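Undergrad: Modelling step: build the complete structure from the supplied sequences, incorporating the hints.
Those protein sequences? They're chains A and B, same order as listed. For my numbering, add 64 to where a residue sits in the first sequence, where the first one is 1. For my numbering, add 41 to where a residue sits in the second sequence, where the first one is 1.
Incorrect hints may appear among the rest.
[Unchecked claim] Here are the simulated EDC-like cross-link-like pairs (lysine to aspartate or glutamate), alpha carbons at most 16 Å apart as the crow flies:
no. : chain 1 : residue 1 : chain 2 : residue 2
1   : A       : K596      : A       : D572
2   : B       : K127      : A       : E105
3   : A       : K144      : B       : E87
4   : B       : K97       : A       : E165
5   : A       : K68       : B       : D119
Everything labelled a hint here was simulated from the structure, so no lab data went into it. Values in this document were obtained by computation on a predicted structure and should not be read as measured data.
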Amino acid sequence: MSEKVTFGELVESIAEETEHSKQFTHDFFKDFVNVINGGLEEDGKVNIAGFGKFELQRVDEREGYNPQTEQKITIPAHNKVVFKPYKDLRELVNAPYAHMEPQLIEEEDTETSDTSPDHQTIDSQTEKSHIESERSSDEETEQLEQEEKSEPDITETSEEQEPNEDDFIPTAPPTSHKQNSDEDEGNGKDQTEVDEESPFDFGEPQDSDENTAMSSTSESSDDDDNGDIVEFNARQLDAEDDLLEEFIGSEESEEKEQQDEHSEYLSAEEELESEKNEPHESEDEPTETVSSDEDDKEDETTKSEEEVLAEEVEKLEEAAENLKQDQPDQSDQEDEVAPLPTAATSRSSDRSSSFSYVAAATIILLLIAGGAWYYSTLPANDTTLISESEEPTASADATNQQNNNNQQQSAEQGEAEDTQQATQNQSQSAAQSSATTQSTNNTTPKSQAVEIEKGQTLWSLAEERYGNPRLWPWIYGNNGSLNDPDLIYAGSSLAVPLPSGPQNTLTDTDSVGVAKGYIATYKWYKSNEESKAKNHLWAAKLYHDDLQQLADVPIDKTDLSYANKAR
Amino acid sequence: MNTSDVVAMLAKNWDMTQVEARELLDVITQTLSENIATGNSFTIPELGTFSATTRKKRRSYNPHYEQYMELPPKRVVDFNPSKGLKEDFKQADTDDE
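TA: As structure tokens, then:
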């Protein structure tokens, strides 16, 4: 990159190409320059097709200032020579950035984000990755997909993160919190809150279908993201604390209701365990999928969340242990007997340690509800999984046996998900690292059936589809039924291949397809209209280097040597 | 002056057919284009220096939609006319326009 090439080297490479002597090429080039100069002198502009336009531009008289003498001077009107590259050259030069398009900046705090270092670094990183990925187009698509996922996600978390944490802290000491004592309503409220504030709304399309089907249990259709789960848990735990304190001062009658639910205690605690584990595991996922450059940042956010979560979990565990001490029998019997807990509860209430009991009961209820919500909003892959996750809500007073089953299954789900994520990650990284091999594997480009309209030509069709009419032989080559490339019939249907690169750019495979198309047209013209034929071979050469390999029949020597002049 | 004029002139000067002249010219421009595209810079005597420069990404404002856009970086051709050429046309003729 960016090395200086001398005029002599240029002449040499041109001489090689044209099989002329260096001296001749040199003189010819010089003469070319002279002609340009002459043309400029004559009428002020010289167009060189496919390259650019040299032009004289008038600069009006203006005020200037001499930095040495610090005096104002008048710069007289003069002409200057400018060079305006043609589109072909512009696009060729801009190729490394051709796939990037202007992006809307939608935040309202555009001024602040302009200077924010976070944005700058992320942008520059994405840029870097763009540039790195310019070589192989397949790799590009991969990266683009990934960036589309990770980019909005990260920028948004960086902004949303702070307000969220602010939310946690003030609600933690809940003196005048309006939390509903009815846990279902409270839960619903939590859900809606999460929905509104959730910055992670890029749910996979297939999930939304399934989620609408199970909307009876889950109102949120988009919150499949793991970051969301983390947030929810933290909120949920806060809400539990709130409830806990409210329940301490609440009436005894409510306690009675809770006692029935108490049998769920142990299983619920297991749920708590799994909840504790799963978010942590899944939290790793975003850090893995985003590129390593962005890892640091992501880690910071997850860490802070983990800390908050860990604190809350500790509190809960303490409360739970208190309960265990009060009810040794129950903890011994584990989850086999349902009626026993009522006995245990009566005993514990006899001991007038209703404080810890009520607290624990509240936690359990919320955990059940939370767990149910959590599993129901998991990115479910099959319907059985959904039905399993629905069970905890439906059977609030189900037997322990059932809960046990659920527990195991949900644990399996978690594992399955983790492995899925792992394989996804693997495949992603594999796709990136072996993008070149992938590009060779993609031998079947996508194509689209298009009906020919009246007055349409292959040329116009190519121009409309690709923005480049010269790609028309690609369509011809893709439709074996076509005979005369100059004759297509309105109403018949053509399979129009689609460029697989981003922004309608051609990948290597596409180029080969175009070259094949040109060879096909070459063959036809060779047998029907000889004079045009070699130009098609020449064009084929532009898209693929080794024509002999592509063509299944031997190519005329003179045509081939003509074509080899092309680059 | 357009390409065919240039081609005609060159063909006349070098006693070759216009097709040949055009082919040769195509190779020259093609070579120049490729060199610019790969980022090489080169100077053609009596004409000027060609190189490629990168414009940074920038933020722009669309007053009609009242939106900010981020325009991606761009690589452009940079041409600096040689001193001789510049001087030749500098005073050239202000009555040109």
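Undergrad: None of the hints should be skipped; say for each whether it holds.
TA: Right, here's what the structure says about each hint:
1. Between K596 (chain A) and D572 (chain A), the direct Cα distance comes to roughly 26 Å. Violation of the 16 Å bound is thereby established for this hinted pair.
2. A distance of roughly 12 Å separates the Cα atoms of K127 (chain B) and E105 (chain A); the hinted pair therefore holds under the 16 Å criterion.
3. Among the hinted pairs, K144 (chain A) with E87 (chain B) is consistent with the structure: their alpha-carbon atoms are about 14 Å apart, no more than 16 Å.
4. As the CA atoms of K97 (chain B) and E165 (chain A) are separated by approximately 14 Å, the hinted pair is consistent with the 16 Å bound.
5. A C-alpha spacing of about 14 Å is found between K68 (chain A) and D119 (chain B), which places the hinted pair at or below 16 Å, so the restraint holds.
This entry does not satisfy hint 1, going by the numbered hints stated previously; all others are met.
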